[in-house]
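Going by UniProt numbering, the letters in the sequence shown line up with residues 1 to 113, in that order.
Don't read these hints as lab results, they were simulated from the structure. Positions of the beta carbon are idealized from the N, C-alpha and C atoms, including for glycine. Wrong hints could be hidden among the right ones.
Below, in silico cross-link-like pairs of lysine-lysine (DSS-like), each with a Cα-Cα straight-line distance of 25 Å or less [unchecked claim]:
(1) LYS54 / LYS10
(2) LYS10 / LYS37
(3) LYS54 / LYS20
(4) LYS54 / LYS88
(5) LYS88 / LYS99
(6) LYS10 / LYS88
(7) LYS42 / LYS16
(8) LYS78 / LYS105
(9) LYS42 / LYS54
(10) LYS65 / LYS88
Label pairs and their in silico Cβ distance ranges [said to hold, decoys possible]:
(11) ALA79 / PHE24: 20 to 30 Å
(12) LYS20 / THR104: 43 to 53 Å
(13) GLU74 / MET44: 19 to 29 Å
(14) THR104 / LYS37: 39 to 49 Å
(15) GLN102 / LYS20: 38 to 48 Å
(16) ASP47 / LEU86: 12 to 22 Å
(17) GLU110 / LYS37: 44 to 54 Å
(18) GLU110 / ILE71: 12 to 22 Å
(19) GLU72 / ILE112: 17 to 27 Å
(20) ASN48 / ASN73: 27 to 37 Å
(21) MET94 / ASN73: 12 to 22 Å
(22) GLN102 / MET44: 17 to 27 Å
(23) ASP33 / ILE112: 50 to 60 Å
(24) GLU57 / ASP82: 25 to 35 Å
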Amino acid sequence: MEGINQLPVKVGDWVKGKTKSGEFIYGYVETIDSSQKIIRVKVMACDNEIVVGKTVETLNHWVKKLPVSPIENEEQIKALIDLALLTKDENWFMELSNKLKQLTKEKEKENII
1 MEGINQLPVK VGDWVKGKTK SGEFIYGYVE TIDSSQKIIR VKVMACDNEI VVGKTVETLN
61 HWVKKLPVSP IENEEQIKAL IDLALLTKDE NWFMELSNKL KQLTKEKEKE NII
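Could you build the full structure based on these sequences and the hints that come with them?
Below you can see the structure in the form of structure tokens.
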């Protein structure tokens, strides 16, 4: 199989790629075994619905790091909060909740002026 990795990935990076079975996956990196060149990905979307929500192993050159997009609006933050709850990531949940509070305060200030 042809490799698709272009940039080195780290734990926490969002990636897309394929599994050893050829399933297309989208998720985030949980662990990396550099000596074996294996990456464990928590799958958020897959063409095989049974795999969604599970952690799968794949080769590091079969995944591609996704670009980081800025969080710009309330809807995006709320969607990410849902994802943080789904993945039970308390730190990320708190970070996003604080960002949402800050955005709400900024909107309130704009409405006052």
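Here is how each hint holds up against the structure:
1. LYS54 / LYS10: Answer holds: LYS54 to LYS10 is near 19 Å, not above 25 Å.
2. LYS10 / LYS37: holds (12 Å)
3. LYS54 / LYS20: holds (15 Å)
4. LYS54 / LYS88: Distance of about 13 Å is within 25 Å: holds.
5. LYS88 / LYS99: Since the Cα atoms of LYS88 and LYS99 sit roughly 18 Å apart, the hinted pair holds (cutoff 25 Å).
6. LYS10 / LYS88: It holds: about 20 Å lies between the C-alpha atoms, which stays within 25 Å.
7. LYS42 / LYS16: Within the cut-off at roughly 11 Å; holds.
8. LYS78 / LYS105: holds (16 Å)
9. LYS42 / LYS54: holds (6 Å)
10. LYS65 / LYS88: holds (22 Å)
11. ALA79 / PHE24: 20 to 30 Å: holds (21 Å)
12. LYS20 / THR104: 43 to 53 Å: holds (45 Å)
13. GLU74 / MET44: 19 to 29 Å: holds (21 Å)
14. THR104 / LYS37: 39 to 49 Å: Because 44 Å falls inside the window, the suggested range holds.
15. GLN102 / LYS20: 38 to 48 Å: Holds, at about 42 Å.
16. ASP47 / LEU86: 12 to 22 Å: holds (20 Å)
17. GLU110 / LYS37: 44 to 54 Å: holds (50 Å)
18. GLU110 / ILE71: 12 to 22 Å: holds (18 Å)
19. GLU72 / ILE112: 17 to 27 Å: holds (22 Å)
20. ASN48 / ASN73: 27 to 37 Å: holds (32 Å)
21. MET94 / ASN73: 12 to 22 Å: For ASN73 against MET94, whose Cβ atoms are near 20 Å apart, the range 12 to 22 Å holds.
22. GLN102 / MET44: 17 to 27 Å: Holds - the Cβ-Cβ distance for GLN102 and MET44, about 26 Å, lies within 17 to 27 Å.
23. ASP33 / ILE112: 50 to 60 Å: holds (53 Å)
24. GLU57 / ASP82: 25 to 35 Å: This hint holds: roughly 26 Å between Cβ atoms.
When each numbered hint is compared with the structure, no violation occurs for any of them.
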